[in-house]
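Chains E and R, in that order, are what the protein sequence lines are.
My numbering applies: residue 9 is where the first sequence begins, and numbers increase by one.
My numbering applies: residue 964 is where the second sequence begins, and numbers increase by one.
Just so you know, these hints were derived from the structure itself, not from any lab.
Be aware that one or more of the hints could be misleading.
Pulled from the structure, derived: some chain R residues nowhere near chain E, Cβ distances all over 10 Å [claimed, not checked]:
id: 1; residue: Phe1051
id: 2; residue: Glu1055
id: 3; residue: Val1167
id: 4; residue: Arg1221
id: 5; residue: Trp1272
id: 6; residue: Trp1284
id: 7; residue: Glu1306
id: 8; residue: Arg1355
id: 9; residue: Leu1464
id: 10; residue: Glu1512
30 Å max Cα-Cα, derived DSS-like pairs, lysine-lysine [what the hints assert, rightly or not]:
id: 11; chain 1: E; residue 1: Lys54; chain 2: R; residue 2: Lys1140
id: 12; chain 1: R; residue 1: Lys1607; chain 2: R; residue 2: Lys1487
id: 13; chain 1: E; residue 1: Lys54; chain 2: R; residue 2: Lys1204
id: 14; chain 1: R; residue 1: Lys1487; chain 2: R; residue 2: Lys1288
id: 15; chain 1: R; residue 1: Lys1487; chain 2: R; residue 2: Lys1016
id: 16; chain 1: R; residue 1: Lys1204; chain 2: R; residue 2: Lys1016
Stretches of chain E that chain R covers, calculated by requiring three or more beta carbons in the stretch to come under 8 Å of a beta carbon on chain R [said to hold, decoys possible]:
id: 17; region: 34-42
id: 18; region: 72-83
id: 19; region: 91-100
Just so it is clear, CB atoms sit at the ideal spot from N, CA and C, and this is done for glycine as well.
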Amino acid sequence: MHRRIRPAKHHRLGFWRAETKPLALHTLVGLPAGARAVVRSLHGGKGFSARVAALGITPGVEVTLIQNQRHGPILIEVRDTRVALGRGEALKIEVEQIAAEASK
Amino acid sequence: MSEGAPGAIGVGGAPLTVALAGQPNVGKSTVFNVLTGLSQHVGNWPGKTVEQKSGECHHQGNRFRVIDLPGTYSLTANSDEERVARDFIIQERPDVVVLIANAAALERNLYLLAELLALPQPVVVGLNMLDVAEQQGMRVEPHVLEAALGLPVVPMVASRNQGVCELLGRALALARKPESFTPQRPTMQADHQEVLVAIQALLVGRMPEAYPEEWVALKLLEGDSEVTQRVRAEAGEAWPKIETLLQQHEDAIVDIARGRYEWIGRMVRAALVRSRPGAITLTDRLDRVGIHPFWGLVLLLGVFGLVFWLTYAAAMPVVNWLDTKVISSVAEAAREVLTPAPEWLTSLLVDGLIDGAGAVLALVPVLVVFFAVLGLLEDVRYLARSAYVMDRFMHWVGLHGRSFLPLFVGFGCNVPGVMGARIIDDRRARLLTILLMPLVPCTGRMAVTAFLAPAFFGANAALVTWGLVTGNVVLLFLIGMAINGGLFKGAHSAFIMEMPLYHLPNAKTIGLYVWQNVWAFVRKAGTIILLASATVWLLSSLPGGEVEESVLARFGRWLEPAGAWLGLGEWRLIIALLSSFVAKENTIATLGVLYGSGGAKGLAELVGRTLTPAAALAFLIVQMTFVPCAATVAAIRQETGGWKWPAFSVGLLLVVSLGAAILVYQLARLLG
Chain E
9 MHRRIRPAKH HRLGFWRAET KPLALHTLVG LPAGARAVVR SLHGGKGFSA
59 RVAALGITPG VEVTLIQNQR HGPILIEVRD TRVALGRGEA LKIEVEQIAA
109 EASK
Chain R
964 MSEGAPGAIG VGGAPLTVAL AGQPNVGKST VFNVLTGLSQ HVGNWPGKTV
1014 EQKSGECHHQ GNRFRVIDLP GTYSLTANSD EERVARDFII QERPDVVVLI
1064 ANAAALERNL YLLAELLALP QPVVVGLNML DVAEQQGMRV EPHVLEAALG
1114 LPVVPMVASR NQGVCELLGR ALALARKPES FTPQRPTMQA DHQEVLVAIQ
1164 ALLVGRMPEA YPEEWVALKL LEGDSEVTQR VRAEAGEAWP KIETLLQQHE
1214 DAIVDIARGR YEWIGRMVRA ALVRSRPGAI TLTDRLDRVG IHPFWGLVLL
1264 LGVFGLVFWL TYAAAMPVVN WLDTKVISSV AEAAREVLTP APEWLTSLLV
1314 DGLIDGAGAV LALVPVLVVF FAVLGLLEDV RYLARSAYVM DRFMHWVGLH
1364 GRSFLPLFVG FGCNVPGVMG ARIIDDRRAR LLTILLMPLV PCTGRMAVTA
1414 FLAPAFFGAN AALVTWGLVT GNVVLLFLIG MAINGGLFKG AHSAFIMEMP
1464 LYHLPNAKTI GLYVWQNVWA FVRKAGTIIL LASATVWLLS SLPGGEVEES
1514 VLARFGRWLE PAGAWLGLGE WRLIIALLSS FVAKENTIAT LGVLYGSGGA
1564 KGLAELVGRT LTPAAALAFL IVQMTFVPCA ATVAAIRQET GGWKWPAFSV
1614 GLLLVVSLGA AILVYQLARL LG
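I would like the entire structure built from these sequences, with the hints used as guidance.
Structure below.
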């Protein structure tokens, strides 16, 4: 849970270092309710990746945060379903926020 | 389902085997119930703590054996359910696999199809919940999807019994002509395809025949732990090479999953039309309260209160009526019929079996109401919300929201609670949930408390009962923290759970749920409790036939000095407590036998008069937290696969219950 999150392979080449235009790379924990984001990578090992992938969470998919309080689990909408994730799990999912003004 | 269409070609002999697959919350159990009704057989998958349901049905003169596979999101060995589902398909080779898919979450549901198509069995898709999809602003064209996938797609609304017949018809047609099954199958990205072929080549001739090499290679790339272990054991000298290849493609699972969703996206593109995106749905509105961190909790407490109020207010009068009218008249009738029989036989049958097991069976109405309400909450999908709301608190003991569900069931009866812990995928969390289960006061214990508290505390009975239940919950959390911190070193398990859309309840689903749980309880009463009642009777009658001089009385008196510590210097109470090991509700029956009171009314007061308030409180505390009953111990053994944990549980609760009672008794005496 506390280890640093490594940038995934494809980030090393492109925009990860591009500091001119900061891109909002977060984990799911860092996003408020109503935010929309695209999943960039999963950082939890094969077992974790397989589980969340089967629930629809794969790199490239769009998710909407439905609930994110300061404590307790996080609720997201992904591929027409709602998935609850513990904070520890949400921390392993790296996302890029899209169009913050579209947030409710 | 018997249509008996004329001219149907009967496939005599063995029935066709249909495996029902699907993700959770797709209405699969509704389909299964519609198909098989009461012909269902519920058991366990061999060697696994996963429920196995099978049943029979008929269609156009053909017999089908329907196996309800556990609901799984994928076929990767993340959980026992997934292992069971795929082992069945691979090893038992059903004639057809029927995949029930939720049309309102089509893409995610077809992920399982992508997995199934890696296996050779023919697949029919039952596109269920089309009505729900419509409400969500989605239109799915089954024919378009069928054309894209190249396999039968049957539109269904199983809750209204639509499409189930056609589903069987298409399954039958496919089973008769399996060679006609030529679907589109998902393919791999080019770079992984190469490795897949390379691993496949290394596997040739090394795996058991039933396992397709391509599938095994795929699962290796996905990092499937079970397949990896098997191949390591069986691939011999090919393993190091395979391992090297796998290490070079560590991240393959993510790409494979993404590839599957891309394939699904192509398949559904033409078939899925979204009419009004972003509409606020009923689920959105209900969840504003249902999952709210504060109001959700208030709602949960309210629901909780309502469940118990309904259970006891609606069912208790029936229980009392059964207890005082029905069972006593059965006992009377038996006594009359048995007049010519020897006295000991009459005593065994009437005092032992009818009184003992009867008092337990009288609890059936309580369980019926409890499981009906619970089944309703499950079927409208509220229970998932309760798990979500409780997640924060379950973290205090190193568990997560999912553990709340079996603990809730435990309030009805600990046995289905222990079995229900199967829904927790993490072994450690499941074990901890099972160990905490006996601290959840079941209806049996609540019945004893409800019976004795008014006699002990008069007007304050409700307050005392409330305090006792709260005490149990506090103990549960304290002990949970202790076990988690000490035994499990504060480990944390992952909470990942689907939050399904709210759903209109289905009477048949709830009815079957009640029936299966209550029937299991009745069977228990018919076997274990009957035997135990006979044993208690025997011990309380030998050697002379007088309770006062019996083996049991002597044993009880021997324990009196210890009992005095918690104010129970009365052997009858000690024995009543010990007899709760047979079944919690037995305490009342045993007191009845030992105090020799005929009417139930007088008994509680009779007992109450022998105890000081402090001792009465101590008795109720021990009773509420005492060692798990025999059936629960048996369930713990079955679920944990050995005697180690049931023994631990008994020891732990013995210490906890006596400790708590001694503490309270001594404190109460000090304070007067």
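Can you name, in rising order, the numbers of the hints this structure does not satisfy? Hint check: 4, 8, 9, 11, 16 and 17 fail, others pass.
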